[in-house]
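Student: Single-letter residue listing:
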Amino acid sequence: MSALGRHLLSIDDLGRSGIEGLLEIAASFAEVVTRDIPKVPALKGRMVATLFAESSTRTRSSFETAAKRLSADVLSLTTVASSMAKGESVKDTVRTLRAIGADALVVRHPAEGVPVQVARWTEASVVNAGDGCHEHPTQALLDCFTLQRHFGGGAGGGGGQGFLEGARVAIVGDILHSRVARSCTKAFVSLGARVTLAGPKTLLPTFAGEWPAELSCELEPVLYETDVLYLLRMQRERGAGVFVPSEREFAHLYGIDERRLGMLAGKAVIMHPGPVNRGVEMTSAVADSDRSLALDQVHNGVAVRMAVLYLLVAGGGAVGKEADGGPAIGAPGFPGADR
Amino acid sequence: MMAERERKLAGPRGGTFIPRTQVLSPEDVSRALVRIAHEIIERNRGADDLVVVGLQTGGAEPARRIASVLEESEGSSVPVGTLDVAFYRDDLSLRPVVPQAATDIPCDLTGKVVILVDDVIFTGRTVRAAMAALADHGRARLVQLAVVVDRGHREVPVRPDYVGKNLPTRLTEQVDVSLDGVVIGDVVRR
Numbered sequence: 001m002s003a004l005g006r007h008l009l010s011i012d013d014l015g016r017s018g019i020e021g022l023l024e025i026a027a028s029f030a031e032v033v034t035r036d037i038p039k040v041p042a043l044k045g046r047m048v049a050t051l052f053a054e055s056s057t058r059t060r061s062s063f064e065t066a067a068k069r070l071s072a073d074v075l076s077l078t079t080v081a082s083s084m085a086k087g088e089s090v091k092d093t094v095r096t097l098r099a100i101g102a103d104a105l106v107v108r109h110p111a112e113g114v115p116v117q118v119a120r121w122t123e124a125s126v127v128n129a130g131d132g133c134h135e136h137p138t139q140a141l142l143d144c145f146t147l148q149r150h151f152g153g154g155a156g157g158g159g160g161q162g163f164l165e166g167a168r169v170a171i172v173g174d175i176l177h178s179r180v181a182r183s184c185t186k187a188f189v190s191l192g193a194r195v196t197l198a199g200p201k202t203l204l205p206t207f208a209g210e211w212p213a214e215l216s217c218e219l220e221p222v223l224y225e226t227d228v229l230y231l232l233r234m235q236r237e238r239g240a241g242v243f244v245p246s247e248r249e250f251a252h253l254y255g256i257d258e259r260r261l262g263m264l265a266g267k268a269v270i271m272h273p274g275p276v277n278r279g280v281e282m283t284s285a286v287a288d289s290d291r292s293l294a295l296d297q298v299h300n301g302v303a304v305r306m307a308v309l310y311l312l313v314a315g316g317g318a319v320g321k322e323a324d325g326g327p328a329i330g331a332p333g334f335p336g337a338d339r
Numbered sequence: 001m002m003a004e005r006e007r008k009l010a011g012p013r014g015g016t017f018i019p020r021t022q023v024l025s026p027e028d029v030s031r032a033l034v035r036i037a038h039e040i041i042e043r044n045r046g047a048d049d050l051v052v053v054g055l056q057t058g059g060a061e062p063a064r065r066i067a068s069v070l071e072e073s074e075g076s077s078v079p080v081g082t083l084d085v086a087f088y089r090d091d092l093s094l095r096p097v098v099p100q101a102a103t104d105i106p107c108d109l110t111g112k113v114v115i116l117v118d119d120v121i122f123t124g125r126t127v128r129a130a131m132a133a134l135a136d137h138g139r140a141r142l143v144q145l146a147v148v149v150d151r152g153h154r155e156v157p158v159r160p161d162y163v164g165k166n167l168p169t170r171l172t173e174q175v176d177v178s179l180d181g182v183v184i185g186d187v188v189r190r
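Heads up: the protein sequence lines correspond to chains A and B, in order. When you line the first sequence up against this note's numbering, it's residues 1 to 339, in that order. When you line the second sequence up against this note's numbering, it's residues 1 to 190, in that order.
Think of the hints as simulated: they come from the structure by calculation, not from any bench. Just so you know, these numbers come straight off a predicted model, no measurement behind them. The reader is advised that the hints may include incorrect statements.
Residues of chain B placed beyond 10 Å of chain A at every Cβ, according to the derived structure [unchecked claim]:
{"id": "1", "residue": "D48"}
{"id": "2", "residue": "V113"}
{"id": "3", "residue": "D136"}
Among the chain A residues that face chain B by a calculated CB cut under 10 Å, a handful are [claimed, not checked]:
{"id": "4", "residue": "A27"}
{"id": "5", "residue": "D36"}
{"id": "6", "residue": "I37"}
{"id": "7", "residue": "K39"}
{"id": "8", "residue": "P41"}
{"id": "9", "residue": "L43"}
{"id": "10", "residue": "L70"}
{"id": "11", "residue": "Y310"}
Per label pair, the in silico range of CB-to-CB distance [as the list claims (entries may be wrong)]:
{"id": "12", "chain 1": "A", "residue 1": "S55", "chain 2": "B", "residue 2": "T172", "range": "52 to 60 Å"}
{"id": "13", "chain 1": "B", "residue 1": "D49", "chain 2": "A", "residue 2": "D36", "range": "13 to 21 Å"}
{"id": "14", "chain 1": "A", "residue 1": "A81", "chain 2": "B", "residue 2": "L142", "range": "46 to 54 Å"}
{"id": "15", "chain 1": "B", "residue 1": "H38", "chain 2": "A", "residue 2": "T57", "range": "51 to 59 Å"}
{"id": "16", "chain 1": "B", "residue 1": "E155", "chain 2": "A", "residue 2": "R35", "range": "26 to 34 Å"}
{"id": "17", "chain 1": "A", "residue 1": "I37", "chain 2": "B", "residue 2": "A101", "range": "17 to 25 Å"}
{"id": "18", "chain 1": "B", "residue 1": "Q22", "chain 2": "A", "residue 2": "I37", "range": "41 to 49 Å"}
C-beta atoms are modelled at their ideal positions from N, C-alpha and C, and glycine is treated no differently.
In isolation and in its complexed conformation, chain A is listed as follows (with noise of 0.2 Å):
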């Protein structure tokens, strides 16, 4: 039936259907969200726990949105106001929010797979929401939810569906230090676009020939050819400073001012999983210009999420407990039975 499994680890969890199925569902949320009451009973009685190991404003405010939005109960723990600032293991921690009553945790933290191993540790549902420069599986989702909004019928001509099938995204800044780069570059490549990796040398994946995309090094030829321009943010706390001789001159370089906006196509648009630093990846005007999708995507990401959570909690545990007897045939719970 799901689209998702129990966690939502890494993009590679979906696949292509996978996130198709997620965003059908995600437009149903969406349609919840407009409403004068944007809240539904889904998940009434359950408990969402976020335990965000790093700073966070989008992230953490839309997963505990979504779960008030579905009706889930919310418990947020951050590390410097918890017992990790005194020193306790994460293992600990979230064994002690599964014993609260946790049935979905949404894990950030500075090291990679880290939300890997939460998963082992506990019978929750688990939610990577950025490990490091790893993966941030529902920026990606969320950032193909706004494009599917966007385009609608399709910005390489697909139709239905494949609106992003033939599209040309470049992804342009610090690749190296970024997990939202390694979930979109994933998720855009399965959805049939092609994908382009421009920045600084430095910058750029070392491994880069493995993924899925072309390499740039040089930014206005590929603004040219581009249908969506995905702009990364300087990680200054991943040390990602030494790797360029001066923020300016990376703006000089990679930097969006309002000359570069004229040599996208008419169509093309602009996105950034924020924050944005003004001036360096883009210029205030061209932030604030209605080329930017940047709202969009805090906006979406309220719907998107409520359908991961849905998705992961609430069939939680008993989907695989019926799997092996299943309810009678025409007794209620069994699918089209009780209208």
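Please arrange chain B on chain A, whose structure you already have, making use of the hints.
Tutor: Showing chain B alone in chain A's frame:
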């Protein structure tokens, strides 16, 4: 179209819908819907303030049909909407319910007379969920329920106001309703 839905729904549990008896012909279904539309007009003394809402997916088509008869005979336009109740069900812990299709309520329902339409009423739990869902779209003045087939076996105190056909069934049977007629069959596990 809806027989296909039955098959699809039966799929994950390894069942297949085997049709046995045709109970209503396409013409019978059409006549029943016309009659229901006229009963609605009679009971509500016209079609003012009416909003017809079909439950996804089986109720959507009958709802459109009923609304068009209402419009023809009253000469005023009647808004039609659809409602998906997946997120309001009480059996999420029994099985995950994936939304079938979009909810589209054309206007604020406050003060309106809402005619809920579904293809089959069985346990009544879908209708219970639908009433919870409706409340999030405004406070309707009146909510009435129209179904093409009532097959009995209610588990909650819900009763339809307009019924196309009362069809006593066994608990193990399946009823397939579409504009192409009503068929009783069994779901056989593969």
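Student: Now tell me if each hint is right for this structure.
Tutor: Each hint tested on the structure:
1. Under the 10 Å C-beta cut-off, the non-interface status given to D48/B relative to chain A holds; the minimum distance is some 24 Å.
2. The non-interface label for V113/B is consistent with chain A: the shortest C-beta to C-beta separation is roughly 20 Å, beyond 10 Å.
3. Taking the minimum C-beta to C-beta distance to chain A, about 5 Å, the non-interface status of D136/B is violated against the 10 Å cut.
4. Hint status for A27/A: holds, given a least beta-carbon distance of 7 Å to chain B, under 10 Å.
5. With 10 Å as the threshold, the beta carbon of D36/A comes within range of chain B, its nearest partner Cβ sitting at about 8 Å, so the hint holds.
6. Interface restraint check: I37/A against chain B, minimum CB-CB distance 5 Å, threshold 10 Å, status holds.
7. Proximity of K39/A to chain B holds as hinted, the smallest CB-CB distance being about 7 Å (cut-off 10 Å).
8. Evaluation of the P41/A hint against chain B yields a held restraint, the C-beta minimum of about 6 Å falling below 10 Å.
9. Evaluation of the L43/A hint against chain B yields a held restraint, the C-beta minimum of about 8 Å falling below 10 Å.
10. At its closest, the beta carbon of L70/A sits 8 Å from a beta carbon of chain B; the interface hint therefore holds under the 10 Å criterion.
11. Hint status for Y310/A: holds, given a least beta-carbon distance of 8 Å to chain B, under 10 Å.
12. Between S55/A and T172/B the Cβ separation comes to about 57 Å, which falls inside the hinted range of 52 to 60 Å.
13. A hinted range of 13 to 21 Å for the beta carbons of D49/B and D36/A is consistent with their spacing of about 19 Å.
14. Distance hint check: the CB atoms of A81/A and L142/B are about 51 Å apart, consistent with the given range 46 to 54 Å.
15. For H38/B and T57/A, the Cβ-Cβ distance of about 58 Å falls inside the hinted range of 51 to 59 Å, so the restraint holds.
16. Under the hint 26 to 34 Å, the C-beta atoms of E155/B and R35/A, about 28 Å apart, fit the expected range.
17. One distance hint, 17 to 25 Å for the beta-carbon pair I37/A and A101/B, holds here, with the actual separation near 21 Å.
18. The hint said 41 to 49 Å for the Cβ distance between Q22/B and I37/A, and at roughly 43 Å that hint holds.
When held up to the earlier numbered hints, the structure conflicts with hint 3 and nothing else.
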